[in-house]
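K.L.:
Now for the letters of each chain:
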Amino acid sequence: MRLYEYEAKRIFKRQGVSVPAGVVIGRENMGDLDRVVYPVVIKAQAFVGGRGKAGLVQSAGNRAEAQEMILNMLGRDHAGHKIDRVLIEQKVTVKRELYLAVIVDRLEHMPLIMSSQRGGMDIEEIARTKSTPILKYYLNPGAHLNDFMARNVASNLGLRGLLLKDGADTVHRLYRLFVDYDCKVAEINPLVLTDDDRILALDAKVDLDEDAMFRHPQLIQMGIAARHEVGEMTEREKFAKRAGIPYVDLDGDIGVFPGGAGFGIASIDLIQHYGGKPANFMDSGGAPTQEKLRAMLGLLLDNPGVKAIFGARFGGISRCDDWAKAVVQFIVENRPQKPMIMRMAGNMEEEGRKIIEKAKVDHPELFKKIKVYAYDTPIEEVIKETIRSAQTEKK
Amino acid sequence: MRLYEYEAKRIFKRQGVSVPAGVVIGRENMGDLDRVVYPVVIKAQAFVGGRGKAGLVQSAGNRAEAQEMILNMLGRDHAGHKIDRVLIEQKVTVKRELYLAVIVDRLEHMPLIMSSQRGGMDIEEIARTKSTPILKYYLNPGAHLNDFMARNVASNLGLRGLLLKDGADTVHRLYRLFVDYDCKVAEINPLVLTDDDRILALDAKVDLDEDAMFRHPQLIQMGIAARHEVGEMTEREKFAKRAGIPYVDLDGDIGVFPGGAGFGIASIDLIQHYGGKPANFMDSGGAPTQEKLRAMLGLLLDNPGVKAIFGARFGGISRCDDWAKAVVQFIVENRPQKPMIMRMAGNMEEEGRKIIEKAKVDHPELFKKIKVYAYDTPIEEVIKETIRSAQTEKK
Amino acid sequence: MAIIIDRHTETIVQGITGSNAAVHTKFMLEYGTKVVGGVTPGKGGQNVEGVKVYDTVSDCVVEHPNVTVASIWVPPRFARDAILESIEAGMKRVIVITERIPVHDMLYARHVAREKKVMIIGGNTPGLISPGRSLVGMLPKIAFGAGRIGTVARSGAVTYYIANSLNLAGFGQSTSVGLGGDPILGTNFEDVLRLFEEDPETDAVVMAGEIGGVYEELAAPFIKTMKKPVIAYITGKAAPQGKRLGHAGAIVEGNMGTAASKIAALEENGAVVAETLSEIPRLLKQALDGTH
Amino acid sequence: MAIIIDRHTETIVQGITGSNAAVHTKFMLEYGTKVVGGVTPGKGGQNVEGVKVYDTVSDCVVEHPNVTVASIWVPPRFARDAILESIEAGMKRVIVITERIPVHDMLYARHVAREKKVMIIGGNTPGLISPGRSLVGMLPKIAFGAGRIGTVARSGAVTYYIANSLNLAGFGQSTSVGLGGDPILGTNFEDVLRLFEEDPETDAVVMAGEIGGVYEELAAPFIKTMKKPVIAYITGKAAPQGKRLGHAGAIVEGNMGTAASKIAALEENGAVVAETLSEIPRLLKQALDGTH
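Protein chains in written order, with the numbering used here: chain C, 1 to 395; chain A, 396 to 790; chain L, 791 to 1082; chain B, 1083 to 1374.
One chain only, chain C, in its complex shape (with noise of 0.2 Å):
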C-alpha cells in the first residue's frame, strides 16, 4: 500500500528521520500559505512517479508565485489521478544528492539496505551502469540492525567525520521505520546533505504491507488506512471496496464472477483470447460469505454495461453448496434479466447441484437464462457461450 509523499513524510517525522520543514495544502487551507517561510517548493501530492517531468515539482520564492502555482496544479490529472493536495516545503541548499532505500528483496527473501553516493532522478541509470557503486546491505529477517552496518551504509555514503554518526542514525531510524511499521519499501531519494550540514530526506517513498495493517492502528489514527491506488475510483470501485471486494472496472461487456484471484486473471485473459470483452476483474477472496458472494453478483448486475455475466466455482476451501446456496438467493431476490452462464465443480458439488435443481424445479421463469454446468463441461466451453450470450443479447 502506497503513501503519499505527506504521509510517509509524516511517519518520517515521528521515527526521527529528519525531512524538511512543511506544510499540506488543499483548496481548503490556502490560507496556510500565511505560515511558510519562502522561498519554497511545491509537490503536487500522486501516486505515481514522473512528477519533476510533469511539471508537478516547482519552485516559488513568495506567497503569491505559490498560490499561483498551486492553483494551477489542483484539479489536474496525474497518470490517472487527479491532485488535490500539494506539500510545500521550505527549500533547502543541497550540497551532495544521496541515495538510500530498505526494501523487501523478493530474490533473495531478506531485508535489503541499498545507499549510493549519488541520487536523485537518474537512480535507475545509475544502477543499471553501475556509473556509482551502489551498496547492497542484506541482513537475516527479524535481525536487528546493528550499529557497525548503520555505520558501514554511512560510510558508503561517503558520510565522515561527525557526519558519519548523523548518517548511521538516520539508516537505524529508516531501518526501524521499515520493521515498525511493516514496509516493503521504505525509499529516500534524494537523501541529501544540505550547506549547513544537516541530513534530509528531501523525498520519502512508502509501502506498507496491506496484510500487517491489523498491528498498526497508529496508521488509522494518523489517517492512513487501505486505498485504492490506481487512478480514481469508480463508484462501483468504491462500492466494491466498502464491501471489501477487490474490484476492478474494465471497459467490457462480460461480467466476470470467479472463484479465487488466480482464476480471475486467468478468465479475464481467456475472455479476451476466445475474443470477448471483460467488464470488470474481482476477487472472492479465500471462502467468502454468502452475502459477500451475492455482493459481488449485484456489482455485475446493476451494471448497465454488463451483458453477460461469466461465473465460475471451483470449491476448495470455498464449498459448492456455499456457492450454490448464495446464488440462487440472489437469483430469487433480483430476479435477473441478464443471462449468467456458470460451472460449478469441487468439494460438495453434489449437494450444491441438488440446490440449483431444486431451484430450478422451483422458480422455473426465473431460470431461462441461467445455466450451471458440472466438472465434465470444459471451463473454456463455459467463457465461450457466455461471449456469444453477450453478443446476442447486444443485438
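These aren't lab readings, by the way, just hints derived from the structure by calculation.
Bear in mind the structure is a predicted one, so any value in this text is a computation, not a measurement.
Only true hints are included.
Between beta-carbon pairs, the in silico distance windows are:
id: 1; chain 1: A; residue 1: K525; chain 2: B; residue 2: E1112; range: 55 to 61 Å
id: 2; chain 1: A; residue 1: A538; chain 2: L; residue 2: E853; range: 25 to 31 Å
id: 3; chain 1: L; residue 1: P855; chain 2: A; residue 2: G421; range: 54 to 60 Å
id: 4; chain 1: A; residue 1: I615; chain 2: L; residue 2: G835; range: 47 to 53 Å
id: 5; chain 1: A; residue 1: D590; chain 2: L; residue 2: G835; range: 20 to 26 Å
id: 6; chain 1: C; residue 1: A243; chain 2: L; residue 2: N837; range: 33 to 39 Å
id: 7; chain 1: B; residue 1: A1228; chain 2: A; residue 2: D646; range: 40 to 46 Å
id: 8; chain 1: A; residue 1: A538; chain 2: C; residue 2: F214; range: 23 to 29 Å
id: 9; chain 1: L; residue 1: K882; chain 2: B; residue 2: G1127; range: 51 to 57 Å
id: 10; chain 1: L; residue 1: K882; chain 2: C; residue 2: D84; range: 52 to 58 Å
id: 11; chain 1: L; residue 1: G960; chain 2: C; residue 2: M121; range: 54 to 60 Å
id: 12; chain 1: A; residue 1: G447; chain 2: B; residue 2: S1360; range: 45 to 51 Å
Facing chain A, a subset of chain L residues (Cβ under 8 Å, in silico):
id: 13; residue: P831
id: 14; residue: G832
id: 15; residue: G834
id: 16; residue: D845
id: 17; residue: T846
id: 18; residue: S848
id: 19; residue: D849
id: 20; residue: D871
id: 21; residue: L874
id: 22; residue: E875
Listed next, the in silico DSS-like pairs over lysine-lysine satisfying Cα-Cα at most 25 Å (straight line):
id: 23; chain 1: L; residue 1: K907; chain 2: B; residue 2: K1198
id: 24; chain 1: A; residue 1: K763; chain 2: A; residue 2: K720
id: 25; chain 1: C; residue 1: K136; chain 2: B; residue 2: K1198
id: 26; chain 1: A; residue 1: K560; chain 2: L; residue 2: K833
id: 27; chain 1: L; residue 1: K1027; chain 2: C; residue 2: K277
id: 28; chain 1: C; residue 1: K354; chain 2: L; residue 2: K816
id: 29; chain 1: L; residue 1: K906; chain 2: A; residue 2: K531
id: 30; chain 1: C; residue 1: K384; chain 2: L; residue 2: K1075
id: 31; chain 1: C; residue 1: K371; chain 2: C; residue 2: K277
id: 32; chain 1: A; residue 1: K490; chain 2: L; residue 2: K833
id: 33; chain 1: L; residue 1: K1027; chain 2: C; residue 2: K384
id: 34; chain 1: A; residue 1: K753; chain 2: A; residue 2: K766
Backbone N, C-alpha and C define an ideal beta-carbon position, used for all residues, glycine too.
Model the placement of chains A, L and B on the given structure of chain C, informed by the hints.
P.N.:
Quick look at chains A, L and B alone, frame taken from chain C:
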C-alpha cells in the same frame, strides 16, 4: 546484584507479572498496617534465603497480631543482615505451587527457562532426585521468545484450557523482564495457582547484571542502585563503596594493596598459606587513577588493625610509573609509620623505579620502613617479608 | 512414489478447531490421508472428526513421533508462530493454507525453515495432492486423477482447472502442488521443478504462473537444465498494468514481474508456453510424443 | 609455531584513539606485533603511533585483506557492537580487552562468534603473548620469555606472576593466554587446553583459575584425555564465601563454583594442583621429568 523481594515484585508489577497485593513496612510507616486487608503473610526482607526456617515468614489474622510479629522481626539479624523492612501481602488460597525461572545458563551460555509442576522450598531436592521433571528450555541469545515457546512452558506447568494462555502470558512477561532489565536470574518460586484460578508470583528473586546498570536509569528512579549484598557494611566498606573501590574487611593484620581483582584473591590465599592474616580484600579495577590508588592506601593506613601493608603492581594496562607517582605522593602527604613492603614490575617499570629512587633521595626519613622490590624478587618473598614485618610491629 | 507426500505420510492440522480446518480434516481423512492429530492451544483434549486435539505441537509429537507434515489453518496473525512451532517440533514440511500472512512474518518463518532444512509450502496454498495416495490441504479431489504429470501453480483454482483439463484429456497427475498466492512463498517453482525432475513417477511438468513477483523468472534457468518437458501457462496478459514503487524495486528486480517478461524468460529456457487451458494437454502430448 | 597468534599475524586495534589503546599500540609495535590499522568511527584518516585510523573495520580490511585478529578496547557499552563488527568483517580471532561488558551482550556476541567459527578471547582479558613473536593486548613483556610451557589464566596479574615465576625457574612460555576476568568468556580453559595439547611447541600447561564460575570444572574431563601434563593453580581458597541466588543457580550449576570444587574436579582428572606460585615450576619440573 540481588534485589529484595519487594523490589523484584515492583519490577514484576511493571512488567505485568501478577503478585499479591502488598505493602512494605518499616518502623517509620507502621501506620500503613491500617491499609491492609487481613489475613496477611509477613515476610522479612533479606537477601539471604532460609527465611521460613528462621521464622521470618509468618501469617497474621489481624492488625494487632501483625504489628507484634513485625516489631519482633525488625532489627533481627539474619545471616549477617539486619532486618529493617517487611513485606506484608494479602494471604491467598493456593491450589498448586509451581516453579518458573529464567536464568543465564553459564554452562551452555544461553538464556534458560526452567519450569516444574512442583515448586516451593524443596525445588532443589526435586531437581536432585528428579521426582518431578524440570523442563529446561534453552533460547539462543538475542532471540525473541515466540508465543509457542511460552505455551510449551505453560503446558509443562500443567496449565490447560484458559489457563494455558494466562500461563504463557506470565512466561512471556518474565522472559521480557529478564531481557529488558539485564537479569542474570529472574525466578518465581513458588508461582501459584490460586483457588480462584489466578496465576500469582508468591515470591520473586531477581539478580541484575551490575555491568548493565548504565542502561537502566529507570531502576535508579525506582530506588534500585548498586548495593553491598553480603552482610552489613562496615564504615570502611561504606567509604570504599563511595570511592568506587571493591573492598571487604577481613579480620587480620596485613593490609593488602594489590593490582587487579584476580591477584587480590591470590594474595589473600598466599598470605594465609605463609601463616599471615590478611586484613582486607581489595580490587583496583583495570586502570585505576592515581586518586583511586591513594584512596586505597588510605583505607589501609587508617585501619588500626593493619600492622603492615603488602603492595604489588604488575603493570599491564595500569602502568608502573603512574603507580609509583601515586605511592610516592601518598607517602609524602601521609607520612605512614606502618611498614609497606611492595613489589613493582611490568610496563614502564624503569620509569617507575626512577620515581621511587628519587623520592627516597628526597625524603629518606619517610622511606625507612618502605621497600619496593623489582621483577627479580619473587612475589612470595615479598609476602613473607610483610608477614614478618607485621609480627615485628605487633611486638 | 510421488513428491513431498505419499500414502505413509503422517500429518497434523494446526488450528483444527476452526470451521474450514475441521471440514477439510474430514475430507482429508475420507481421502485416506493420515491425519494423526490436531492442535489448538487451550483446546487440548477435545476431538474433531475423531482426531485428537492437543494444546501444542510438541504434545502431539510425543504421542505421534512419526508425524512429519503439518498444515497451518490459523488466522494470519498467528501463522508465523504456528509455522515456527511446527518447525521446532520437528516437522519436515509445513503446508501453509492461511492467506494474507504479513510479509515480514513470512520472511522470518522462511528464514528459520531454510536454516532447519524444512520445506514450507505457501502461504495461501490450497495444499497438495498425490492423487489416490494423499491430500494435504483443501483441494477438491474431483479435480484430480492419478497419473504421471506433475503440476505446480501459484493459484489454487488454476491448479484445479489445469488438473481438470488434463483429466479430460486422459492425463493424470503424479503430484499437484499449489505454491500459494501470497507474495512471499516458502517454496517456489524451481524447488518443485527439481523434485519433479528427480521423481521417477513423473514424466512431464505443467507449471502455471501469473503476473507479479519474480518466481517464474527465477525458475527459468533451471528449466534449461531439465530433461523432462515443461509446459508453462502464464496468466495476467490482459490484466491492467500493476503498480511500481519508487526506484528501489526496479533496482532489485529490473524488468521482472510482467506476464510478458515471464513468458519470454520461460520460452528462452525451453519451456513450452500454452495460451489457454485446453492447449495444455495438447502441447503436453506433443512434447511427450517428441513431435514438438 | 605457537597457538592463536604468531609473528605473521596481522592485527587491528578497535578503539585505537583511546588513551590506553594508544599506549599499548605503541608497546605492541615495539614488540614486533603487526598492527596494520586502527578503528574509531568518525576519526577515519587520523593516525595513532603511525598506525592509520579507519571509520569502520570493513574500510580497514579493504586495504589490509590479510588481517585476521582484532583487539577491542572500546568502552563496555560499545563492546558488543565492536565485536560483531570485527566478526562480520572477517576477523578470525577477537581479543576483548574491554572489561565489565554486560552479560547479555557478551552472550550474544559469543553466540554469533560460535556460529561463524570465530574465536573471542575475553572480555576483560589482558590479551595473549607468544614470547619473542607477537603480543596482542597489554601484557607486560618483561614478565614473559620464550619457551615450551603454555599458560592460561583468568586473571591478568596472575598470568604475569606465573610467567614471572616460571622464568625465574628457567621455564619460558610457548604462548600465555589470558582468558579474562568477566563472568562470560568467549574462550574457556578447555578451548585453550585443546590448542596446547595439539601444539608441537608446547610441552606442558599451567592453568590458573579462581573462585566463581564453572569454567575450571568444565575443563576437567578434557584434562583426563590429555597427554601433556597440566599444573593447575586455583585461588580463592581463603576468600569469603560468595553469594548464591535462589534455587535457579543451584539447579543448573549444582555445587560448582568454589575453590574446593574446582580443585577436586581438576585433581580427580589428573591435573597436579599447586598451592603457591613458587610451587608451580617445581611441580612442572617433576611432571616433565616423570618423577611425579
